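Using the working numbering, you'd call the opening residue of the sequence shown number 163 and step up by one each time.
Since the hints were made in silico from the structure, they are not lab data.
Given the structure is predicted, the values throughout are model-derived calculations rather than measurements.
Glycine is no exception: its CB is placed at the ideal position from the N, C-alpha and C atoms.
Treat the hints with care, as some may be off.
Below, simulated DSSO-like cross-link-like pairs (lysine-lysine); rule was C-alpha separation at most 27 angstroms, straight line [what the hints assert, rightly or not]: (1) Lys242 x Lys198; (2) Lys198 x Lys245; (3) Lys205 x Lys245.
Label-pair distances were calculated between CB atoms; the ranges are [unchecked claim]: (4) Ala268 x Leu305: 29 to 37 angstroms; (5) Glu348 x His173: 43 to 51 angstroms; (6) Thr262 x Ala207: 20 to 28 angstroms; (7) Tyr319 x Val190: 29 to 37 angstroms; (8) Gly200 x Arg318: 25 to 33 angstroms; (9) Val253 x His281: 48 to 56 angstroms; (10) His281 x Glu348: 28 to 36 angstroms; (11) Ala207 x Val341: 46 to 54 angstroms; (12) Asp343 x Glu274: 40 to 48 angstroms; (13) Gly167 x Thr287: 32 to 40 angstroms; (14) Arg320 x Val224: 50 to 58 angstroms; (15) Ala266 x Gly200: 16 to 24 angstroms; (16) Gly235 x Glu348: 50 to 58 angstroms; (17) Asp285 x Arg316: 31 to 39 angstroms.
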Amino acid sequence: MVDAGYTTPAHIERAARVHGITLLGPVVPDHSRQAKAGSGFGKSAFPVDWDNQQATCPQGAVSREWRPLRISGHDYIQVKFAKADCQACPVRPQCTTSATRPRALALLPTRELHEIQTHNRLDQTTEEWQRRYAIRAGTEATLSQNVRAHGLRRSRYRGLKKTHVQHVLTALACNIVRVADWLDAEPRTRRRATRFRTLCSAAT
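Please build the complete structure, drawing on both the sequences and the hints.
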């Protein structure tokens with residue numbers, strides 16, 4: 163389980179292909195005007211036919227242009243619809259604010275990445291996904307403690323095996339410190355009453 167900084171479609175694909183793991187974390191949502199407003203036709207409203215390199219709009223019009231596009235050093239596929247189709251469309255205000263230009267989409271460069279993005283954007287809106295991801299609560303505080311108090315981010319050794327040993331010992335040290343703090347009758351700092359702490363207090 164990771165945060166949004168590690169869940170680009172490319173990261174998710176590589177984690178599954180190279181390491182055999184499934185990254186669980188929120189992907190960046192659709193930032194189009196329509197998606198933000200919760201009305202109109204966002205990117206998900208346009209089915210994509212990768213074999214024929216076409217997209218279809220909600221009114222049934224088929225795109226007329228499919229070409230590579232580079233934005234800020236990243237590769238995309240630009241899909242454009244015919245100007246005539248868009249100008250005559252009865253629901254044009256729900257699709258674009260431009261008075262003259264047709265609707266255009268920027269897709270990820272491969273079908274696999276596009277499908278990963280689409281699937282994860284839909285999946286993360288469900289209650290089941292949110293329940294699974296809720297397990298991650300508290301991870302940031304643990305990571306911060308290990309980085310700031312125990313130097314987790316800097317390896318003291320060379321080689322993956324020795325570095326792994328360092329990580330295990332760091333986790334052990336973190337647990338010892340937390341147990342010692344919990345047993346201390348006078349906490350060094352005011353602690354938030356977490357559910358786990360409430361449960362531990364009730365058990366003693």
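Hint by hint, here is what the structure shows:
1. Lys242 x Lys198: 21 angstroms, holds
2. Lys198 x Lys245: Since the Cα atoms of Lys198 and Lys245 sit roughly 25 angstroms apart, the hinted pair holds (cutoff 27 angstroms).
3. Lys205 x Lys245: 18 angstroms, holds
4. Ala268 x Leu305: 29 to 37 angstroms: 33 angstroms, holds
5. Glu348 x His173: 43 to 51 angstroms: Between Glu348 and His173, where Cβ atoms are some 44 angstroms apart, the hint holds.
6. Thr262 x Ala207: 20 to 28 angstroms: 22 angstroms, holds
7. Tyr319 x Val190: 29 to 37 angstroms: 36 angstroms, holds
8. Gly200 x Arg318: 25 to 33 angstroms: 50 angstroms, violated
9. Val253 x His281: 48 to 56 angstroms: Since Val253 and His281 have Cβ atoms about 26 angstroms apart, the given range 48 to 56 angstroms is violated.
10. His281 x Glu348: 28 to 36 angstroms: Distance hint for His281, Glu348 is violated at roughly 51 angstroms.
11. Ala207 x Val341: 46 to 54 angstroms: 53 angstroms, holds
12. Asp343 x Glu274: 40 to 48 angstroms: This hint holds: roughly 46 angstroms between Cβ atoms.
13. Gly167 x Thr287: 32 to 40 angstroms: Given a distance of about 20 angstroms, which is not inside 32 to 40 angstroms, the answer is violated.
14. Arg320 x Val224: 50 to 58 angstroms: 57 angstroms, holds
15. Ala266 x Gly200: 16 to 24 angstroms: The hint (16 to 24 angstroms, Cβ to Cβ) holds, given that Ala266 and Gly200 are roughly 21 angstroms apart.
16. Gly235 x Glu348: 50 to 58 angstroms: 54 angstroms, holds
17. Asp285 x Arg316: 31 to 39 angstroms: Roughly 36 angstroms apart at Cβ, these two residues keep to the hinted range, so it holds.
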